[in-house]
Amino acid sequence: MHRFTRLFIDLDATTRTSEKLTALENYFRSVPPEDGVWALTLLVGKRPRRAISHTEMRRIASERSGIPLWLIAECHDAAGDLSETLALILPESDRCSLRPLHRVFSEWLTPLRNADEPSRALLLNEAWDELDTRQRLVFHKLISGSFRVGVQRRLVVRALANITALDPAIIEHRLNAPWKPTPDDYRRILSPHEHDSDPAAPYPFFLATPIRPSANDPITDDLRWLEHHLADPSDWLAEWKWDGIRAQLIHRPSLTMLWSRGEEHITDAFPELRALGALLPDNTVLDGEIVAWSDQDRPLPFSDLQRRLNRKQRDLMLFDDIPIRFLAYDLLELEGRDLREAPTADRRARLQNICARLASEQHLGVSPTIDFASWEDLAEQRAASRARAVEGIMLKRKSAPYRSGRARGDWWKWKIDPYTIDAVLIYAQRGSGRRASLFTDYTFALWDNGELVPFTKAYSGLSDAEIREVDDFIRKHTTGRQGPIRMVEPRLVFEIGFEGLRESDRHRAGIALRFPRMLRRRTDKSPDQADTLETLRALLHHSRTD
DNA sequence: AATAAGTGACC
DNA sequence: GTTGTGT
DNA sequence: ACACAACGGTCACTTATT
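Heads up, the first sequence is in our numbering, so the first residue is -17 and it goes up one at a time.
Keep in mind the hints are simulated off the structure, nothing from the lab. Heads up, a few of these hints could be off.
[Claimed, not checked] Label-pair ranges, simulated between beta-carbon atoms:
1) Ser276 / Ser173: 27 to 37 Å
2) Asp430 / Thr115: 50 to 60 Å
3) Asp204 / Gly387: 18 to 28 Å
4) Thr402 / Ser47: 49 to 59 Å
5) Asn96 / Pro181: 30 to 40 Å
6) Met469 / Asn107: 34 to 44 Å
7) Asp506 / Gly387: 38 to 48 Å
8) Asp250 / Arg390: 32 to 42 Å
9) Arg490 / Pro181: 44 to 54 Å
Where a beta carbon is used, it is the ideal one built from N, C-alpha and C, also for glycine.
Let the sequences and hints guide you as you build the complete structure.
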């Protein structure tokens, strides 16, 4: 526990990649597999679900420290983090626990989850007796299900690659296969032998970058941007950007599996697709999109598809209500040969060959390429995206290999221009972490019969400087409070951008937005010039019919 | 038993 | 998914 | 350019509270 706490503090203390990397390498070099595998689980895998509720933790801490609950709530409000607050208010201890990390799980965390209430209090007190302040902080995060630390998977992979002198891609591939926090699995993941990888694991996905991503790109026009950055249209392959779930379909002898982008095994949700495996040559891996597909031969909304995911009740799989297709767009492996280094155009040709034989399969299709003569031509076709129920266009360099992760340059997404609407800021809430001291979380409203009706929240889109301005306004123009929420004088107007909208009964306005964000402050507009709910309803109606 | 709140997957 | 910041 | 942090909403499911 002391080494892991040290690692946590080190990772938290810096934003420098090199320092994080060193901290990770030192840690993994110094701990035995029993502990290393738990650390690995915490850093790249799933954080433990909570073993005790905040309410109960607060109460037990209050009993031990003698600090009343209301005061703890105040401290929590000021500090912004309950684990930290409780670590600080408990009677100080300078003992430092040497209990190894795996025993923290087996002797504290697991029992805590299964114990009854009095035993939970006993266990917690026992742990507090042994841990120092920093260890308590980490421990609280572990047991309350809020453990998070500032490293992402990639960095951990790099650290392990450095330790083992293996290619990061190999580590990545091994981590993609199912593993459990056991010393054996840990040794396998760190095995210096290159081919100890699991054939059931998906390849790391290649992700596209949005075109014109940086706000300060001097070129503001999409067509100019394409001409400048992608140059010759004939070097590029265009496809529709489907609104579905990215997935790899892996077919091994007597085994077909489907993996999502988050490396989740989702085969069980789509048995129709597992059945496709039998039609493919052994050891074939397809990359593509699972899309809900109407009998009108067009995509259904994403939310329909989502209903097929995470289902426990297998008897109600909605096969007929929500039919699906796998639209393949890449071939990563064929008959055991890894094709990722081959040019995109070649992989495409082979993919079409394989799927041509299966043209009658209703659940399988090749995502068609879009013929286009010029960028202008493609822009015109893109304008039909909403009508086709797709999200825009994908552009892939014909000569490029299949890369891993969000590598820039070869795969681009050119999404449809977002919808926009001008709305009034009416509530605000504090952010968390780096933004704990500022009001960064905003609720927006539209006019409806002379009344402002809240319809969405948005956080992203403002720079720190703009946030400070808005925060200042909120502090000076608060009209009331409800718990952590401040009511704000309805004076600021923002242009809200979003990708789509649908009816929803979770919101008073009856409509929910997809990917809402602030595009800009409308200082030129007064609140009464903001849009109405009627405008939004009209957009909703329009989006269903065009 | 019914409802609310939380979690984790997808986008 | 989107976005802004820091290195 | 990249990694990271802080956020939006849905759905299905689980756990806590009434």
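Now the hints, each set against the structure:
1. For the pair serine 276 and serine 173, the beta carbons lie near 47 Å from each other, so the given range of 27 to 37 Å is not met.
2. Distance hint check: the CB atoms of aspartate 430 and threonine 115 are about 51 Å apart, consistent with the given range 50 to 60 Å.
3. As the Cβ distance of aspartate 204 to glycine 387 is approximately 25 Å, the hint placing it in 18 to 28 Å holds.
4. For the hinted restraint 49 to 59 Å between threonine 402 and serine 47, the CB-CB distance of approximately 51 Å keeps it satisfied.
5. For asparagine 96 and proline 181, the hinted distance range of 30 to 40 Å is satisfied, since their beta carbons lie about 36 Å from each other.
6. Checked against the given bound of 34 to 44 Å, the beta carbons of methionine 469 and asparagine 107, roughly 41 Å apart, stay inside it.
7. Separated by about 41 Å at the C-beta atoms, aspartate 506 and glycine 387 satisfy the suggested range of 38 to 48 Å.
8. In this structure, aspartate 250 and arginine 390 meet the distance hint of 32 to 42 Å, their C-beta atoms being roughly 35 Å apart.
9. For arginine 490 and proline 181, the Cβ-Cβ distance of about 51 Å falls inside the hinted range of 44 to 54 Å, so the restraint holds.
Taken one by one, the earlier hints fail for this structure only at number 1.
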